[in-house]
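Read top to bottom, the protein sequences are chains A and B. Sequential numbering of the first sequence, starting at 23, is according to the numbering used here. Sequential numbering of the second sequence, starting at 23, is according to the numbering used here.
Derived by calculation from the structure, the hints in this document are not laboratory data. Among the clues, some could well be false.
Because identical chains cannot be distinguished in the list, a pair is counted as satisfied if it fits within a single copy or across any two copies.
[Claimed, not checked] Capping the alpha-carbon separation at 30 Å, the derived lysine-lysine pairs in DSSO-like fashion look like this:
(1) Lys717 with Lys107
(2) Lys107 with Lys127
(3) Lys717 with Lys152
The model shown is predicted, which means the values in this text are computed figures rather than measured ones.
There are 2 protein chains.
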Amino acid sequence: MKLPILLAAATLVGGVPQTALAAVSQGAASHDASEAASSTGSTNAPLFAAELERTQAFVEAMMGDGVVVPVPRDPGGGYTHEQHKRNFRAIYNAGQLFRITGDQKYRDYVREMLLAYADLYPTLGDHPAKANQYSGQIFWQVLNDAMWLVHAVQGYADIRDTLSDADRQRIDDDVFRRAAHFLSQESVATFDRIHTHATWATAGVGMTGYLLGAAAMVERALLGSDKSGQAGFLRQTELLFSPNGYYTEGPYYQRFALLPFLVFADAIERNEPERAIFEHRDGILLKALRTTVQLSYRGYFFPFNDAIRDKSLRTAELYEGVAIAYGQTRDPALLWIADFQGRTVLRDSGALVAQDLDAGLAQPFPFASLLLSDGPDGDQGAVAVLRQGSANAEGEPATVLIAKNSAQGMGHGHFDKLAWQLYDNGNEIVRDYGAARFLNIEAKRGGRYLPENETWAKSSVAHNTLVVDETSHFGGDADLADQFWPTQLHFSDAPGLQVTSAEIDSAYPGVSIRRTLLMPTLPGLEAPLVIDLVRASSDDAHQYDLPLHFSGHIMEYDFETRNNVAARPVLGNDNGYQHIWIDAEATLDEGKGALTWILDGRFYTYRFVSDGPLGVVLGESGANDPDFNLRREPMILLRAQRDGGRDGGASFASLLEAHGSYDGAAEQTLDSRSLVSDLDHQQIEGIDIIRVTLKSGPQFVIAVSHNSDPDTQHSVTLGGDVLAWTGFAAVIALPGGEN
Amino acid sequence: MKLPILLAAATLVGGVPQTALAAVSQGAASHDASEAASSTGSTNAPLFAAELERTQAFVEAMMGDGVVVPVPRDPGGGYTHEQHKRNFRAIYNAGQLFRITGDQKYRDYVREMLLAYADLYPTLGDHPAKANQYSGQIFWQVLNDAMWLVHAVQGYADIRDTLSDADRQRIDDDVFRRAAHFLSQESVATFDRIHTHATWATAGVGMTGYLLGAAAMVERALLGSDKSGQAGFLRQTELLFSPNGYYTEGPYYQRFALLPFLVFADAIERNEPERAIFEHRDGILLKALRTTVQLSYRGYFFPFNDAIRDKSLRTAELYEGVAIAYGQTRDPALLWIADFQGRTVLRDSGALVAQDLDAGLAQPFPFASLLLSDGPDGDQGAVAVLRQGSANAEGEPATVLIAKNSAQGMGHGHFDKLAWQLYDNGNEIVRDYGAARFLNIEAKRGGRYLPENETWAKSSVAHNTLVVDETSHFGGDADLADQFWPTQLHFSDAPGLQVTSAEIDSAYPGVSIRRTLLMPTLPGLEAPLVIDLVRASSDDAHQYDLPLHFSGHIMEYDFETRNNVAARPVLGNDNGYQHIWIDAEATLDEGKGALTWILDGRFYTYRFVSDGPLGVVLGESGANDPDFNLRREPMILLRAQRDGGRDGGASFASLLEAHGSYDGAAEQTLDSRSLVSDLDHQQIEGIDIIRVTLKSGPQFVIAVSHNSDPDTQHSVTLGGDVLAWTGFAAVIALPGGEN
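Here chain A stands alone, though its shape is the one from the complex (with noise of 0.2 Å):
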């Protein structure tokens, strides 16, 4: 499908490349006759309606305050700040507006809100509150000014060709070439970065190169400031997203660049459509929108590295995203999204979305397991996706499983290499803390990062990780973990043994970490069942610790405790430890033990064992936080004091198992204790074998070959049991188990 062209105003003044010229043509001559009734981009369909309406409300009350445009003068969360956010929305909603309605009052408020910006911006230069280098005119950061500039063309665009010549000069000239000429040349640095900050920054002033017929300005938006290509927005669609379009930072910033990477290229398309962006790269910016939302859960993402929780689909990147690829694609399940989302956007596409759900075509979203490599090339570590389990009404399977294998992430990442996360019956059971910081929240710090997000989010004992020796992978040095990341070994998603394996052995100096999971489904037993294999090898001794960060309130455990009752000490002084309160110790001479939780009606259990005796520390974040910036939320840790040696290192076999219910209305309870009787581990020539004992009798074997090739015959003995498999892992019922 060919949209009508966006900026299709540009196209009716002086010094239009050719490309552009040649664009409009061909988009007029596709328009068929549905797009053709709605050549403003609008539709009666409801969810159009509804967008139509609440835009309205918005930039109505905008207008009823009339055009207030302040000298800069605030950070973040301030006065002025928050002024020029309003404003760039309302300059972007009032052109839309003016296009679907052609009440002129739009026009005109758009109008005078950029004649007051062209007052404003020749007297300005370094914004008052810069805190750094990258510092903005109209915010205190460039990467602001760069959303001002991508929302605001849009709303130019709009009423540009209805503007006197005069007027029209001044606003192309004191607006939008000194906010181009600011973020292409002042601001060169951050525009000629591989970056999202570079992406809006190449975004704002690519189309401001459509809309003003400057051809230049759109080369160094494409191609970098020197024009060469090593730079500038088609490289950023090359370096920045692996092949699988998945972005180094994780689901949160994937989210936030996905917004002027879309609406750039929906631009490149309407105006240079022989460059086939979208098809650039084997499709990537479409993939990519895909992927970010194969990275959620019931609609929330999955929060690993600097994350705010409650960021869910529901957001104005992906409504702008969604209709897009839409546009581009027509992919009903795009329209289940959209329909999740209860929300559009105005423009031809947005309409397109309204009309088809409108209609009854979406299909549910194809939530799957897969395999997402980081990195450039795909070979910088990975994230492994297990879904698993009965779907729920919109077609998303129960059980998720979540492996982070990959590369850190740049500024963002957190130290938690090999780290998982698991979600089960809605709920987030195996958690990932996500970011310190709340948000646009002035009283923490004006909304910005939390000290905490350093000293406690990035931590690795934070996370559901192994810590050696009580530090943080990497040392904590952000600038090392960038030059390193794991090896995915294996991934398979075959139903009933899905499997993701992979290592690391530069986490720590001399330790080599391994970590497989294991998704098995038993007859018996309700899905979904986890089996972790964590096997640390290092020639020195070592303490190692794997923590379990899980939601719910503690039912039983079956080992004996020391409980601290009536005076809470402290886990230890550093990366991260000084913020956990221990509950309870406990020591297993065994190095076996099992928790159970409840959460939502659920029950867990979370049982393990591992190769000689283990410590044990029940406990709770929020320790040595005085301003009370964390949340309080419950932890298992288990620890191993191992020797070195030729075979030195630390193995931690773990079992979850989800189980019964606990329904409040009609008082019945079902399987509120663990159906397993036994977890047992063996290490036999190098072959993991995780015998698993149900109560009802029956004894299964999950066998871990680590041997990646399917036709790869093994076997093993197991008290008189010869045990022979093909391929990666396998899962053996024993004979004699029934009882």
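Following the hints, complete the assembly by docking chain B onto the known chain A.
Showing chain B alone in chain A's frame:
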């Protein structure tokens, strides 16, 4: 409306009392066409069809297991206990299915099950797991035996006239006569109590009497074992509910009591309509049902006293109750509840509910502000419910304040005189802990009340009430507490300024406490504003603690604290104090402060002022809890050390302000900080003057005369201004406050 007789089958065999026969003919005569069409109590309406399907699934699964009637052995939660529970539901439901479908297999199943009980019953003596004198025969508690009978007799009624004489005689004699004899004669101590356990027993025995045509049995059920009317079902309807239909144990047990009350009343109405049971005591039973619904927020019951917090309107007791009450009243608001429940029952009244709901007859339930007196004569205190704010889609106001000025409510009562709770925006903001119990969860002491129910959940400091000298009200003595209650001084549901005021002088010797809660609407502030005035008077020196248990994450507070960040001590040794961790402490010489927290996208500020210096504790529940039985929830505790003497005592004036919003999706935060700049309080000649100053300038006085006469004029001179008003309280805008 007259429903077809549930126990109609009973009237076809010998020994039917005259009243029952009369009821049959009257019932039959009153059938209108729509009822005749559903003489089996059936309909195709969706709600009913779903119920039928659900019931069939349950009964078929039970039938698949065969008839399993084990010899009683286990206590609550154990195997034989749960099996007999399943059995009585299966008898009840299979009888219904036979009546509706006519399928013989259901009849055969009920017959076989009851014949198995006929084998078992004569062999029964004291239950092996008997714990006290209230032991049953099938179950460890007589209460459960009564529940068995209430259900089983209804299932039996549906098949009894299809049995051979021999079978009927055996089941009559060896099951039902024995069960009735056990409950009404062997367990006469329970049977003659004025207590809901007796309600279950009398309901079971009375319904058995109707079915077997045993007039004496019915008489004992209605009038007590000696037939004097001093005990029995009728007396229970007179003594267990207040004139407003409030049951003294609180909403959780009120719900539980409703089933036998309404089911037996329904049987009385059919068999002896001349008793006009539903008109008895001004319609107390239907009133009690509506009052139960009024004691809920978004479907969940207010959790005060012993209460499992996840109990909602979606509970079996209320499916029965709503259907029976709708059959009696055709009140369209009851359909609204049935719709919320998504459930009904397989009787004529359930069919009617389903049909009328399908026909769109439902109307929103009229949730309202109301004062519910406690005690059989309504003179033992009261529960005040203030509702305010914009209604949600279901017509329920957003803000609800509960003032618990009621009597102790027997053994399940908590020591929380004059306590309060607040709901807003869908959440419990100022909370009540409820019971310390994990119902039916074996690992938690077999699902029974936990030790922490006595040591924490019932204690005064666990509630939002005044605690004197670190002891609970009435010294924590339930027998003593049952003899006293607060006096409700004033109540007003006037829009714009709702008020409740009460006092008690018996909770602590020599201390009189008065609490006045007001809900004013102030221009410039969002609803709800809550003003809380607590005044304790005593001739002696005391320590006064005023805890507030809130839900949310602390954002900020405006006082200096000493924080326990690396070792966390406990607040006290006894009376609940041993369960409170101290996070931070403060000393406020001016006795003034404010604390802000966030919950679910909304901010709340608690602002307080006292008549002298205050200590402040920021704490959390969960200390001295070796079994992880407690939830960990935040609290703030204000502490006033005050001298005695003529004007001895302490006053606390506080203000709870809901403000602003946090929208993670839109990344928009509004008014995260309090809109109030100051709160002060003075008492002038017995009149309380609370002055609220907004940051935007305006000042308001909330003046409280404590004189309920609406026409009495009051005036006070404040800083040169004369404030004049009539009645108990007023909101007065001060002149010159605007900025």
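Identify every previously stated hint that the structure contradicts and give their numbers, smallest first. Those not satisfied: there are none.
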